[in-house]
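Q: Take a look at the letters that make up each chain.
Number of protein chains: 2
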Amino acid sequence: MPIPRAVLDQLKQIIPPLNGSLHKGQSGRVGVLGGALDYTGAPFFAAISALRIGADLSHVICSPTAAQAIKSYSPDLIVHPILREDSSHDKVRGELDSLLSRLHVLILGPGLGREDYMQSYAKLALSLARSRAMFVVLDADALWMVGQDISLVKGYRRAVVTPNVVEFKRLSEQVGVDKDVPQRERSQEVSKRLGGVVVLEKGKTDLIAIDTTGEAASLEESKISGEHEAGKVKVKEVLEVDVEGGLKRCGGQGDILSGTVGAMLAWGKCYEDGAFGDQNIPASRLPVLAAVGGSMVTRTASRRAFQKQGRGVVTEDMIPEIGPSFGEVFGAEFQGGEKGRL
Amino acid sequence: MPIPRAVLDQLKQIIPPLNGSLHKGQSGRVGVLGGALDYTGAPFFAAISALRIGADLSHVICSPTAAQAIKSYSPDLIVHPILREDSSHDKVRGELDSLLSRLHVLILGPGLGREDYMQSYAKLALSLARSRAMFVVLDADALWMVGQDISLVKGYRRAVVTPNVVEFKRLSEQVGVDKDVPQRERSQEVSKRLGGVVVLEKGKTDLIAIDTTGEAASLEESKISGEHEAGKVKVKEVLEVDVEGGLKRCGGQGDILSGTVGAMLAWGKCYEDGAFGDQNIPASRLPVLAAVGGSMVTRTASRRAFQKQGRGVVTEDMIPEIGPSFGEVFGAEFQGGEKGRL
Chain B
1 MPIPRAVLDQ
11 LKQIIPPLNG
21 SLHKGQSGRV
31 GVLGGALDYT
41 GAPFFAAISA
51 LRIGADLSHV
61 ICSPTAAQAI
71 KSYSPDLIVH
81 PILREDSSHD
91 KVRGELDSLL
101 SRLHVLILGP
111 GLGREDYMQS
121 YAKLALSLAR
131 SRAMFVVLDA
141 DALWMVGQDI
151 SLVKGYRRAV
161 VTPNVVEFKR
171 LSEQVGVDKD
181 VPQRERSQEV
191 SKRLGGVVVL
201 EKGKTDLIAI
211 DTTGEAASLE
221 ESKISGEHEA
231 GKVKVKEVLE
241 VDVEGGLKRC
251 GGQGDILSGT
261 VGAMLAWGKC
271 YEDGAFGDQN
281 IPASRLPVLA
291 AVGGSMVTRT
301 ASRRAFQKQG
311 RGVVTEDMIP
321 EIGPSFGEVF
331 GAEFQGGEKG
341 RL
Chain X
1 MPIPRAVLDQ
11 LKQIIPPLNG
21 SLHKGQSGRV
31 GVLGGALDYT
41 GAPFFAAISA
51 LRIGADLSHV
61 ICSPTAAQAI
71 KSYSPDLIVH
81 PILREDSSHD
91 KVRGELDSLL
101 SRLHVLILGP
111 GLGREDYMQS
121 YAKLALSLAR
131 SRAMFVVLDA
141 DALWMVGQDI
151 SLVKGYRRAV
161 VTPNVVEFKR
171 LSEQVGVDKD
181 VPQRERSQEV
191 SKRLGGVVVL
201 EKGKTDLIAI
211 DTTGEAASLE
221 ESKISGEHEA
231 GKVKVKEVLE
241 VDVEGGLKRC
251 GGQGDILSGT
261 VGAMLAWGKC
271 YEDGAFGDQN
281 IPASRLPVLA
291 AVGGSMVTRT
301 ASRRAFQKQG
311 RGVVTEDMIP
321 EIGPSFGEVF
331 GAEFQGGEKG
341 RL
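Protein sequences, first through last, are from chains B and X. Going by UniProt numbering, the letters in the first sequence line up with residues 1 to 342, in that order. Going by UniProt numbering, the letters in the second sequence line up with residues 1 to 342, in that order.
Honestly, the hints are just simulated from the structure, not real lab data. Be a bit skeptical, because a hint or two may be false.
Claimed, not checked - Simulated crosslink set (DSS-like; lysine-lysine; CA at most 27 angstroms straight-line):
id : chain 1 : residue 1 : chain 2 : residue 2
1  : X       : K204      : B       : K24
2  : X       : K24       : B       : K308
3  : B       : K12       : X       : K204
4  : B       : K12       : X       : K308
5  : X       : K339      : X       : K24
Please model the entire structure based on the sequences and the hints provided.
A: As structure tokens, then:
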């Protein structure tokens, strides 16, 4: 079941034009929160993928235990080692809020880990992002975090969760999805129980589901700015991305996905703010579009890297494939460089 | 409005010859002051660009919080982690002065940040550089610094400031440019109010402006060494560099510019000191020439990297394009390698 042309046409509208009309930042300022003692590759993959799909600026907010390694992977990332285990909550709150004020999207989870202080800072960041009505992507141990307390994300329709098979199974149980719900309907049921949060269920094909017919979706706090009917218009939809991916499930591909979805949400924010485009697409539609676009490009990059590297493919091989994949999915003219024609 | 041939001819005179006559250092010893907790890519981009356009040695003077990452980006940089938050001012003064004595130019700002101790050391470095009559480039948070206290740079005609759109707007207000001054004349007005400091206003096209008709330009301390009439000969000029750049405004391109302008100023210093050339070009002309040359090469590198990478271009992609861009702007024979003919 390919993605309908109408969805792709909408998606193309939130791709920033490459005509010199935008200044630095108007193609997206992305933040990734993650990176601690054990994990440094994951936040790097998310943050660099955001740049390689086309964001202007990509920040990593991490523990000092991870910062030097992440910085060393790429001078193009801006790495903020502010999540100190021995910092006060108030100090970090101020630093986080100042950082978030400069970002269009927050990707929570890649390399977050489960250390208490990291989980605690991640919760703080999510609540600050909600109070700023920012788009957020939740992956990996940020899914574990919201699984412990669904209210953290419930009813927040600017969020996309991106669980893999294991994470999806756990999340389904945590939100109380009945075992009898057929496999194909489960992602929608999870979205419904999360109050309309967009669910990107990764798998052999990726399912992007939204269901706002549940109770929480009409909560006041779920209001999508500039669209007062958000809580009233009920949406129930599932889209399947069956674009061919690679045949190797090396670790890290999910981080690429969170970065590409995040970058597209950042574009959505720039679109919503009027940096480009005609603002005909309602804000409530943007998370679905970003999830579809990120999935298509990431799966394509996975296939291309696998075609070259085969069994020995690693996630780093996917980074140079993001540009060509974007060209393959949306057309070379949207990618704008020789890479987009490869 | 292309750069006049006469300006390009002058520019070519300050390019060090590649005929074996120079020894190590006589094609420029560059220093970049910047790099602290949050920023490590910016000083790297500035320092490596100085080498890639053709300086002999490139130093980074930074905080220990940034040094390991910057060192890891390239073994060709010499990284001095002397800007310790807990050092005494006197100790750092001695270390800085010793370092500056070996450099031809100081680039202040890339990755400097706004932490108090970094701002304080940057002020110290600028005053030491002035007392040594060194060429300086001020970018990023060094512009924020001089914006707080214009006297730091006022009347210092060996300085080039390189504000982007946002920084230029702020600087214009800080020096008191009237709102009625037409857009095209504002960079000159800023130069005038800074007492003849060269302004490189980055934008869709780059404007390089100098105006020494203001009062401060005749201050004693503005004297350009070897040119006693500097305070008397009034100059008012604006040049526009409309060389095609890339269509993506990813963060970091400004750092490349500060590095290329800085390297050309270092060449200017070697030229002034008699390492090569005929010394017909007055020292007061060198900042304008370096700003024009740096702008032309940087914009070309931006265009070339964008042509290849399209939407996913990052600043790191521009580094290997600096050599070919130099060849494109000045001719392959000036670049000297196969890269210059690409």
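Q: Confirm or reject each hint.
A: So, going through the hints one by one against the coordinates:
no.: 1; hint: X:K204 - B:K24; verdict: holds (12 angstroms)
no.: 2; hint: X:K24 - B:K308; verdict: violated (44 angstroms)
no.: 3; hint: B:K12 - X:K204; verdict: holds (25 angstroms)
no.: 4; hint: B:K12 - X:K308; verdict: holds (21 angstroms)
no.: 5; hint: X:K339 - X:K24; verdict: holds (22 angstroms)
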